[in-house]
Amino acid sequence: MTFYQKIFDDLPEAVLLTDITHKVVDLNQQAEFIFGVSSDQVRGQFFQEVADAPQMISLLEETVMLCRPPRLTFENSTIIRDVKGRKCFFKVSMVPLVTFEGELQNVLTVMSDVTMLKEIEQLKTDFFATVSHEFRTPLTSILMGAGMMKMGQLAELTPKGEEILDAIEQDCSRLLRLADNLLDLSRMEAGAISMEMIEADAEKMIQAALGTLKLQAEKREIELITSVPPDLPMARADVTKIIWVLTNLVSNALRYTDRGGSITVKARSKGTRLFFSVTDTGKGIASEHHEQIFEKFVQGEDQNYSSGGAGLGLAICKDIVEAHGGEIWVESEPGQGATFTFSVPVFRDF
Amino acid sequence: MKKAEKILLIEDEKNIILGVKTCLEVADYAVVVVEDGEKALDVAIKERPDLILLDLMLPKVNGFQICQQLKVMEETRHIPIVVLTAKTAEEDKERAMQAGADSYMTKPFRPEELWQEIKRFIG
Chain A
1 MTFYQKIFDD LPEAVLLTDI THKVVDLNQQ AEFIFGVSSD QVRGQFFQEV ADAPQMISLL
61 EETVMLCRPP RLTFENSTII RDVKGRKCFF KVSMVPLVTF EGELQNVLTV MSDVTMLKEI
121 EQLKTDFFAT VSHEFRTPLT SILMGAGMMK MGQLAELTPK GEEILDAIEQ DCSRLLRLAD
181 NLLDLSRMEA GAISMEMIEA DAEKMIQAAL GTLKLQAEKR EIELITSVPP DLPMARADVT
241 KIIWVLTNLV SNALRYTDRG GSITVKARSK GTRLFFSVTD TGKGIASEHH EQIFEKFVQG
301 EDQNYSSGGA GLGLAICKDI VEAHGGEIWV ESEPGQGATF TFSVPVFRDF
Chain B
1 MKKAEKILLI EDEKNIILGV KTCLEVADYA VVVVEDGEKA LDVAIKERPD LILLDLMLPK
61 VNGFQICQQL KVMEETRHIP IVVLTAKTAE EDKERAMQAG ADSYMTKPFR PEELWQEIKR
121 FIG
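Protein chains in written order, with our numbering: chain A, 1 to 350; chain B, 1 to 123.
Among the hints, erroneous ones may be present.
Unchecked claim - One-sided and incomplete, this derived list gives chain B residues near chain A with beta-carbon spacing under 10 Å:
#1 13
#2 18
#3 22
#4 23
#5 27
#6 84
#7 86
#8 87
#9 106
#10 107
#11 108
#12 109
#13 112
#14 113
#15 114
None of these hints come from the bench; they were simulated from the model.
Note that the Cβ used here is the ideal one computed from N, Cα and C, for glycine as well.
Just chain B, with the same shape it has in the complex:
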């Protein structure tokens, strides 16, 4: 059997984690969750996920910076990043894309929309 693709979810809201993680698991993805933005880079390097789902509003560090750092580091720069955020302003989207995000999804979204977006990059 093919090894499940691994997705790293960087998110601090407990209920969103539950919803998104469950949604990914029923679609047979392996999911790793980091709630602490400061640890996100280390976990990304260690886990080498196939895709990263990134919330922009995290405590302590800001998601734009994490995005930028992930796209600079040799070990992680190739990993597609899908931003999941409640920020709907066009300037936030531009800022995220400039920071290297590959896609920008605004909350809320439905399970099928999330699967569809992920399939654009893996599987």
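Chain A extracted, bound-state conformation:
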């Protein structure tokens, strides 16, 4: 066995080499284990005869046909296989191998075992969902009690009593936001493992985000303005998650903008980046809080825009944007409103 053959076999990833007709050229030990075959048996056989993995076949076909790595999404790149009675998850990637003359010769397929990550992710999802659920029940009895007292249904209320009940209601809303954010966090895992990057229309994402908030803005007489240039390039983004980020930024802006104010959502491009910004006419944020507000579980002195006050929303926004390879920041001065901006990559076809 050559030195390189040993390295090939000992790799923790499963590696498979096929030719342009999808015949197996070679596979390492880990691949033998996953597919339950021995390399001596399957060399020269068509891959579709070796393993029942239609997802992989279509990825192989795409790679051969277009002579470039296939376009991977969360759905098509995660392969589930039963390995010795255990349900395992593999992340697949493929690379075309081209000769010096530029001719496609082989496709190299690498499969990494992400089962443990999947299991941890599931645990976390379940945990957050449980916590969020457990918040809701006690909040119901608190809000019911406070509400009835406030209406004077249970006893006559002093002005101080009313003030305290207002505070209780406000803090219940805050806890509820936190519970909602935890649920979102569990549903929208921002890690790279569950990102589904596609060609995405900025205008459509902005409209989807604003759609759910229009009524709330109307009620509070806050004008929602959008500005998207008609020739804006498409973004490379996970649409659901970017809509979530935009919704979160606009709903924060709504919370901190006074009646009669306005919120402007803009998109523009520069080089290979698309920039989204949400500008409000609210009370602004002191510069010492500009970084802190994106952190999880940090309580700033500035109750108005601290992470605690806004729930986990901004921290999740940051996770999502960074998983896109982008950045998020805020520009603001007290009394001058705030502008939140984030970037995502422009979509590029190969």
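Start from chain A and add chain B according to the hints.
Same frame as chain A, but now just chain B:
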């Protein structure tokens, strides 16, 4: 005087029972409470309430099943069912509506929201 409309509350959390029952009583509804999901059907048949408030997570039996059974039985199928639940997922809502629920309220809610929802069906 008109007889008070009767609401059956199927719920096992003591504090929620206190809050919801009080909230309904100040609005002049008569309230019957069942904490045990297994007894819910019998009580519904015996009491013939005008509306049922149903929690989905009850010990021993599941709220979806109770909902379905209430909507199958001759004696109770006409009674509107408002689900009160901490389950916020869209699939739970769909499941409850498929089981025959007439409305789905997620916890927490405020007294006025509960009154409003009840008024959609009675009074």
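Here is what the structure says about each hint:
no.: 1; hint: 13; in the structure: holds (6 Å)
no.: 2; hint: 18; in the structure: holds (7 Å)
no.: 3; hint: 22; in the structure: holds (6 Å)
no.: 4; hint: 23; in the structure: holds (6 Å)
no.: 5; hint: 27; in the structure: holds (9 Å)
no.: 6; hint: 84; in the structure: holds (8 Å)
no.: 7; hint: 86; in the structure: holds (4 Å)
no.: 8; hint: 87; in the structure: holds (7 Å)
no.: 9; hint: 106; in the structure: holds (7 Å)
no.: 10; hint: 107; in the structure: holds (4 Å)
no.: 11; hint: 108; in the structure: holds (4 Å)
no.: 12; hint: 109; in the structure: holds (7 Å)
no.: 13; hint: 112; in the structure: holds (7 Å)
no.: 14; hint: 113; in the structure: holds (9 Å)
no.: 15; hint: 114; in the structure: holds (8 Å)
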